[in-house]
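Letter by letter, the chains look like this.
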Amino acid sequence: MNPNNEGGLLMRLLRLDLPLLLGLLMVSGLGLTVLYSAGQQNMDLVIGQGMRLGLGFAIMLTLAQLPPRYFRLWSPWIYLAGILLLLAVMVVGDISKGAQRWLDLGVVRFQPSEIMKLAVPMMMGWFFAEKPLPPRWLHLLGGVLITAIPFILIAEQPDLGTALVVGSAGAFALFLAGLSWMILFGLTALLGAAIPLFWTFIMHDYQRQRVLTFLDPETDPLGTGYHIIQSKIAIGSGGIYGKGWLNGTQSHLDFLPEGSTDFIFAAFLEEFGLIGGGLLLTLYFFVIARALYMASRAPDTYTRLLAGSVTLIFFLYAFVNTGMVSGLLPVVGLPLPLFSYGGTSLVTIMAGFGILMSIYSHRRTLTR
Amino acid sequence: MFAKSPVAEPLAREKDNTAESELFFRRALVMVLLVFLALLAVGGRLVYLQVLNHERFTTLADGNRIRVQPLPPTRGFIFDRNGVLLAENLASYHLEVTREQVQDLDATLEELRQRIELTDADLERFHKMTRRTPGYIGVPLRFRLTDEEIARLAIDLHRFPGVEIKADLTRRYPLGPLGVHAIGYVGRIDEGEMRRIDPGQYSGSTHIGKVGVERSHEDLLRGRPGWQQVETNAEGRPLRVLSRTPPTPGQHIYLSIDIRLQAVAEKVLEGYNGAIVALDPRNGEILALASQPTYDPNPFVNGIDFASYRTLNTSKDKPLLNRALRGMYPPGSTIKPLMALTGLEYGVVNRHSGVACPGFYRLPGSSHRFRDWKRSGHGSVSMDRAIAQSCDVYFYDLALRLGIDRTYQFLDQFHIGRPTGVDLPGEKGGVLPSQAWKRKSYNQNWFAGDTLSAGIGQGYFLATPLQLAHSTAVIALRGLQFQPRILYASEDPGTRVKTLAEPQPLPSVQVRDPRFWETITAGMVHVIEGGTAHRIGIGAKYRIAGKTGTAQVFTLGQSQRYDAKRLAKHLLDHALFVAFAPVDDPRIAVAVIAENGGGGSSTAAPMARKVMDAWLLSKYDALPEPIPAPDAAAHESE
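Residue numbers (the numbering used here), protein chains in the order written: chain A, 65 to 432; chain B, -13 to 624.
Hints are computed from structural coordinates only; laboratory data are not their basis.
Among the hints, a few may not be true.
In the EDC-like style, the derived pairs of lysine to aspartate or glutamate whose C-alpha atoms are separated by at most 16 Å in a straight line are [claimed, not checked]: (1) B:K1 / A:D364; (2) A:K195 / B:E6; (3) B:K114 / B:D92; (4) B:K414 / B:D398; (5) A:K195 / B:E0; (6) B:K424 / B:D436; (7) B:K426 / B:D391; (8) B:K1 / A:E194; (9) A:K195 / B:D2.
Simulated restraints, written as ranges between beta carbons of each label pair [to be verified]: (10) A:N106 / B:G186: 38 to 48 Å; (11) B:R145 / A:L86: 46 to 56 Å; (12) A:G407 / B:T119: 44 to 54 Å; (13) B:G30 / A:A257: 24 to 34 Å; (14) A:R272 / B:E103: 47 to 57 Å; (15) A:R272 / B:G30: 25 to 35 Å; (16) B:G30 / A:P285: 23 to 33 Å; (17) A:Q104 / B:V16: 38 to 48 Å; (18) A:A258 / B:L91: 51 to 61 Å.
What the simulated footprint calls covered on chain A by chain B, stretch by stretch (three residues with Cβ under 8 Å from a Cβ of chain B suffice, anywhere in the stretch; the number is not a length) [what the hints assert, rightly or not]: (19) 305 to 319; (20) 336 to 348; (21) 380 to 393.
We treat Cβ as the ideally placed atom computed from N, Cα and C, and that holds for glycine.
Let the hints inform the model, and build the full structure from the sequences given.
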């Protein structure tokens, strides 16, 4: 297989990977189709989301042009800025829905925690770049600290979903860095022991409630369990072939809450059935596998860890959301990437793919 | 912040990019596997939900979106025997408030009050109903909105969530009070009825027959509810109809009453509390069932206000009491023909036996005098004269010879003192006294004096006007007996096919010698022809058999005299009269009771004559104008 032939001249000029781009475009196209139906055939919604996707692809294209050395150079500064902004949020941030997440800059409101989703993988790559792998104990501690500081700051806001993403990004980086299996299992055991402490001291009431209703949604069918119950009904009633596009009753008659945002997967499955679901899961697998392959072709430690981590963040979004919507995982407010209506995380994810494209397309210039 | 310089370690390794690249590749492979397994788990979950549990979730999804709505049937109309409309349904609009959807009820009511007229009675009724209704069910606030009010409300009704204008059918009684005690009325289903009724039959219905024919023929009138499946959204708003089973409308019914005769009966009784019942003896059809005073049933349909109800309910004249069925009166002398028949049947007298009447009767070994209404006495009287002149002494003697239990056994066949089984609700029984009855009711022995009182229809004896009319009808037909009934026919509103109600025969009264009937009928004819009611016989174009009666309201002391002029009206005797006519071909039997009317011959008998004239000679007054429909009135005024 000659990598120079992949995608031909245009792709090489644009520094894009054709298979990955096609995968992303197919998922996005399917997402817009579903959104048209789930959003009650509101064309404004579809156009808005289309523009956001366009912006996302533009960011990806832009970042793909930048040589990875710039990312490496900026990594510690981006990370540091992110931490400072998180601290600023704690002091002057806006409170919405009981959580302090937003920083109001007069013109735009944005969530500094969003930066950390990319800043943590970058910082991890930067930190381990020149260190021998698998990491030593002391280096390991450094990596854990890099992850733990933003994790705690975000979890305190509280924003469990983003904290989970940021924490996982660090964990993925550690794993890809070659963290020994013994330590991995030891940490897993430690985490298991920490859950009761986490439950008692860190988690907020509404988060505990979410976990409890996840374990048995029927206990609160009109309150917090309503989302899960209605979502399962939408999915289950779709059957193998689905009710057909624009024919979903749960989504069209408003029984499915958040049907065009966090729970759009259920609206999709109701209309497209198991066949549609299988197709989408396959597409996601293809995108992730292709991205991991690209990461493994990266020339050095920094680019490998960064590329691998952002790919696994994408996986995390896809898995947590589909698992949540189908009742396999607790309700954690993570959108389905490239599907759910809404912009913030979309930009982050496409930026991640931009970095990946850059790393992949610059791989020879770096090594030689 | 993080030192870039290599950490000082004794066995510091060099970085080996090839080895690290291979390490990364292995780890990436592990992750690909993990990703595969994770997405496979989701896929497996989808199979579990969409294949294995598809049926269950389809049912749940349908349960979410499909609502079954009842379609209440249209209630049948009520007509008199000639097809005059007595009860109908009128399309009307009312304002309904669903409290659960209203944020500030008081403020909403206040704002509505500025747009339409809301009386205190409306609000009082509304608040009363809200206490008994769950918050998610709409409660009517104002009935019979005019077109103008609807227009005024419709402009900004969207500002009041939970407030809706609803179309419905309101029961209306166009003749108002006329015939109310027979027709009755419908009203909103109350809690007690809610427990009693079959909910399936009343799905979507708000009203039920409360009294009168509306209640007794509820099953015919109501019809059967239909259903429709509608698709609703999460807010419960119906979006489209999926399937529909139309309701079966109720039957129209025709009453045996002739409303013209009813009008005559109510008119002649005006000014008295009392009742007039007219039957066709040949089949038991009720031709008129008047009870005075009357009242307008229309306000009851959607809930009468408290003040008006209290006025009706606490009035001394008890307008709500259906005296024809539920008023219990001593039959007085009207019982005498039946007593005479009992005497003949048991052979204790024959029609020639005579009794000397000195104006009073004394039991052997007692000084107590039982008076005759005529202080001077009737002299020597036979059965015929005893009936015609209503001689009390004759019947004291007869009753004593019969004994109370034989009297009871024979008279019981006439449904005197027990329900006739008429198809009207709430019929009272009354009392046909016997030794066993007295022991059961008072735990006392029966005395000879009780027998004497019973012999002239006084004492414990109590009967309803309907029973008196019925027993008179039985005499008219020489023992043939039909259950009194008010249902004449029912009609399918779709096909207009009429089904006539069948006469319901009751066991006939058998006597040893059929000529006994002639004997007492002759006595009753002589009541009119030269007897106590001779004045009503004047100018009659047909022959009448009748019997006057006067029932004591209170017992005079031994030395007191009854002086009508000096007694308060409520202590005056009740005036009674029973009759049938024509004697040879009886077509009507009548019973009249005018409470505190004084004498049966002076007050009650002329009323009966007018009723019989109306029926037999078609002498009717013009009917009252139907009450105009409120909406029609509103249109006319525009």
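Each hint, compared with the structure:
1. B:K1 / A:D364: holds (11 Å)
2. A:K195 / B:E6: holds (11 Å)
3. B:K114 / B:D92: holds (15 Å)
4. B:K414 / B:D398: With Cα atoms ~15 Å apart, B:K414 and B:D398 stay inside 16 Å; holds.
5. A:K195 / B:E0: Holds: A:K195 and B:E0 sit about 8 Å apart, inside 16 Å.
6. B:K424 / B:D436: Holds: B:K424 and B:D436 sit about 10 Å apart, inside 16 Å.
7. B:K426 / B:D391: Holds, at about 14 Å.
8. B:K1 / A:E194: Answer holds: B:K1 to A:E194 is near 7 Å, not above 16 Å.
9. A:K195 / B:D2: holds (10 Å)
10. A:N106 / B:G186: 38 to 48 Å: holds (43 Å)
11. B:R145 / A:L86: 46 to 56 Å: holds (53 Å)
12. A:G407 / B:T119: 44 to 54 Å: holds (48 Å)
13. B:G30 / A:A257: 24 to 34 Å: holds (29 Å)
14. A:R272 / B:E103: 47 to 57 Å: Because 55 Å falls inside the window, the suggested range holds.
15. A:R272 / B:G30: 25 to 35 Å: holds (28 Å)
16. B:G30 / A:P285: 23 to 33 Å: holds (25 Å)
17. A:Q104 / B:V16: 38 to 48 Å: Holds: the Cβ-Cβ distance is about 43 Å, inside 38 to 48 Å.
18. A:A258 / B:L91: 51 to 61 Å: holds (52 Å)
19. 305 to 319: Per the Cβ count (5), the hint holds.
20. 336 to 348: holds (count 6)
21. 380 to 393: Our answer is that it holds, as 7 residues pass the Cβ test (under 8 Å) against chain B, meeting three.
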